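Assemble the complex: chain A is given as a structure, and chain B must be docked to it using the hints.
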Amino acid sequence: MDLPKTGEFAHIGKSVVIKGELSGSEDLYIDGTVEGTIQLHGNNLVIGPNGHVHADVNTKVVVIHGKLEGNIRASERVELRKSAVIVGDIVTQRIAMEDGAYVKGKVEIQREAAKPSPPPATKPELQVEAKSAAAGSTPVTKQ
Amino acid sequence: MASVTHSFMKLFRGPSTVPGQGVRPVSTTQRLTRRSSGLGAVSRTLQSEEPICVLDIGSTSAANIRYLTQRGHKIYSEDLLEASTDPALITKDEQGQTILDSRRFLADNLVYPAAQFDIVLCWNLADYMPESLVKPVVARLWSTIKPGGMLLAFFHTREAGPDAPCYRYHIVDNDILEMQHVEARRDLRRGPTGVLHTSIEKSFRLQRVFNNRHVENLFRDFGSIKFFLTRDNIREVLVVR
Chain A
3 MDLPKTGEFA HIGKSVVIKG ELSGSEDLYI DGTVEGTIQL HGNNLVIGPN
53 GHVHADVNTK VVVIHGKLEG NIRASERVEL RKSAVIVGDI VTQRIAMEDG
103 AYVKGKVEIQ REAAKPSPPP ATKPELQVEA KSAAAGSTPV TKQ
Chain B
136 MASVTHSFMK LFRGPSTVPG QGVRPVSTTQ RLTRRSSGLG AVSRTLQSEE
186 PICVLDIGST SAANIRYLTQ RGHKIYSEDL LEASTDPALI TKDEQGQTIL
236 DSRRFLADNL VYPAAQFDIV LCWNLADYMP ESLVKPVVAR LWSTIKPGGM
286 LLAFFHTREA GPDAPCYRYH IVDNDILEMQ HVEARRDLRR GPTGVLHTSI
336 EKSFRLQRVF NNRHVENLFR DFGSIKFFLT RDNIREVLVV R
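Residue numbers (the working numbering), protein chains in the order written: chain A, 3 to 145; chain B, 136 to 376.
Bound conformation, chain B alone:
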């Protein structure tokens, strides 16, 4: 099963994507609005008068920080996709394949006490994160979520195609999100001769497509899982520990 899953996941893994090569997300200003049933379900908890702990592991979003802190909640922000581009994570597996060191990654990221969070906003992380990190990260997330706590994740459907753009998500209202395209960054660097060079770094690429069974398997340690189908080649998934 694992090898089949591995082969299937390779379907959309970009051949030019080398894990750990410095990619830093940059967002354009254009934003698309979408309705999110998954966020709507989470929002019922966010309306709570009791302050809760929320972990946002997407790109840092001023809108999300504002939305959550205005309701008296504590928000923890940690951009795991960008953290996964740290070149120091690159290592070799037993077959000599280049992978990212999940132990080192988890030593520097997602370092929280057990059962700290009421809600984790995972967004589309699993679709774009290098494969060697996905299961260890989900296992760590499980331990950081309180029993009864929720995790919201988005997964592309197969129709999305390998060039599906990577978005960051901003909460606008109870069930309304804005999506902002994360694109490649152009950096101006001065070379040894003093001449300015333009380096263009790659954007994040869709690494794989999970089908429903893969998603259920990924979150099998959680208590329940609920799928929300949408019209834009995205499945929203709400899991409860």
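Isolated chain A (complex conformation):
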């Protein structure tokens, strides 16, 4: 899975900073900064080359070009490109890594399909639930 074309994925641009809980039922491309948690059950996540994610991630497929600090649980597969930097544990069914990717953490392959919980019916699209009080700032910041 290469970098998605605009329109195929919900897109968080490289100047965007999000602090809080990010959940949804569509594919997501992050090229900015996200701190918190990311729940995309049954959907795909791409972290672009400028992406910097400090979050636990729960998705179907995750493709990483940028940096991720947090644990990954992907029900289908994880793809780490050569520029990927991961600090955290990875649990998935399949993993593909390019030479040059950096991992500090555990890699565990689960043979049986981890059934993702169905997306909540009340959240058909991407939602950001910000912990603005904890973060001490507005949830979405344009830099």
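Note that these hints are calculated values from the structure, not bench results. Be a bit skeptical, because a hint or two may be false.
With a Cα cut of at most 25 Å, we get these calculated DMTMM-like pairs of lysine to aspartate or glutamate [what the hints assert, rightly or not]:
| no. | chain 1 | residue 1 | chain 2 | residue 2 |
| --- | --- | --- | --- | --- |
| 1 | B | 209 | A | 58 |
| 2 | A | 84 | B | 308 |
| 3 | B | 270 | B | 229 |
| 4 | B | 361 | B | 351 |
| 5 | A | 106 | B | 236 |
| 6 | A | 108 | B | 185 |
| 7 | A | 108 | B | 310 |
| 8 | A | 106 | A | 28 |
| 9 | A | 84 | B | 185 |
| 10 | A | 69 | B | 217 |
| 11 | A | 84 | A | 58 |
| 12 | A | 69 | A | 29 |
| 13 | B | 361 | B | 294 |
| 14 | A | 106 | B | 308 |
| 15 | A | 108 | B | 221 |
| 16 | B | 281 | B | 294 |
| 17 | A | 84 | B | 217 |
| 18 | A | 69 | B | 213 |
| 19 | A | 69 | B | 243 |
| 20 | B | 209 | B | 185 |
| 21 | A | 106 | B | 367 |
| 22 | B | 281 | A | 91 |
| 23 | B | 281 | A | 110 |
| 24 | A | 106 | B | 294 |
| 25 | A | 106 | B | 185 |
| 26 | A | 108 | B | 313 |
| 27 | B | 270 | B | 217 |
| 28 | A | 84 | B | 213 |
| 29 | B | 209 | A | 29 |
Everything numeric in this text was worked out from a predicted model, so none of it was measured.
Chain B alone, transformed into the frame defined by chain A:
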């Protein structure tokens, strides 16, 4: 004994190597193949149908992750050599010498419960790691290995010389490794005037050569130690807790 060891270790310590200065390993694509008796001994445990826990403290290797996860094992990857280049680790000892802060290093690295791992793949870490970190790291490794667990390490012989290249190791088969040279990285950076500069960072240098007695002393807390001699100026060492 300690001072003699210290002096001996200085033999191959590069004078230009300053601990903590940002060195990030980059590997060329060319790989050399070598047979490894030590890995062969470890592989008997890796063939186990029971999932085991393996810690790889060399450079992140997709091949090693693939090899181990295909057999149902859990692999923990942690590049300690790169972690040792963190400039925040630089401190002074009682004599005012620049060293790396081992306590700080171990607060950020090798943080695992006691007796977690069945196998630790140490590769050539001890030969290239700054001296102030070597013994603390081995002591921490001892505590993270299960009783009866194994650690595989490689040590250069004196014939290797101070310019022996630093390799990362990829498991190809039960007793076959591929060695990939870790070289200096060239970084393009834009200066304050907007002009691009090329910065060339140093590669890892052989810090010292351990003889057999030094190796035995380094792993004296372990239950047993076994040496495998090879033809390429490397001694493979398998220690069992």
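These are the hints, each one checked on the structure:
1. B:209 with A:58: holds (19 Å)
2. A:84 with B:308: Holds - the C-alpha atoms of residue 308 of chain B and residue 84 of chain A are around 24 Å apart, at most 25 Å.
3. B:270 with B:229: holds (18 Å)
4. B:361 with B:351: Holds, at roughly 10 Å.
5. A:106 with B:236: Between residue 106 of chain A and residue 236 of chain B the Cα gap is close to 20 Å, so the pair holds against 25 Å.
6. A:108 with B:185: Satisfied, since the Cα-Cα distance of roughly 17 Å is no more than 25 Å.
7. A:108 with B:310: holds (24 Å)
8. A:106 with A:28: With a Cα-Cα distance of about 29 Å, the restraint between residue 106 of chain A and residue 28 of chain A is violated, given a limit of 25 Å.
9. A:84 with B:185: At roughly 31 Å apart (the allowed maximum being 25 Å), residue 185 of chain B and residue 84 of chain A break the hint.
10. A:69 with B:217: With a Cα-Cα distance of about 16 Å, the restraint between residue 69 of chain A and residue 217 of chain B holds, given a limit of 25 Å.
11. A:84 with A:58: holds (21 Å)
12. A:69 with A:29: holds (18 Å)
13. B:361 with B:294: Holds. Residue 361 of chain B to residue 294 of chain B sits at ~21 Å (cutoff 25 Å).
14. A:106 with B:308: Holds, at about 24 Å.
15. A:108 with B:221: holds (22 Å)
16. B:281 with B:294: Status violated; Cα separation ~34 Å.
17. A:84 with B:217: The hint holds at about 17 Å.
18. A:69 with B:213: Holds, at roughly 16 Å.
19. A:69 with B:243: Status holds; Cα separation ~18 Å.
20. B:209 with B:185: Holds, because 11 Å separates the two Cα atoms, which is no more than 25 Å.
21. A:106 with B:367: It is violated: about 30 Å lies between the C-alpha atoms, which goes past 25 Å.
22. B:281 with A:91: holds (21 Å)
23. B:281 with A:110: holds (19 Å)
24. A:106 with B:294: Between residue 106 of chain A and residue 294 of chain B the Cα gap is close to 34 Å, so the pair fails against 25 Å, i.e. violated.
25. A:106 with B:185: With a Cα-Cα distance of about 24 Å, the restraint between residue 106 of chain A and residue 185 of chain B holds, given a limit of 25 Å.
26. A:108 with B:313: Roughly 23 Å between the alpha carbons, so the hint for residue 108 of chain A and residue 313 of chain B holds.
27. B:270 with B:217: Since the Cα atoms of residue 270 of chain B and residue 217 of chain B sit roughly 17 Å apart, the hinted pair holds (cutoff 25 Å).
28. A:84 with B:213: holds (17 Å)
29. B:209 with A:29: violated (29 Å)
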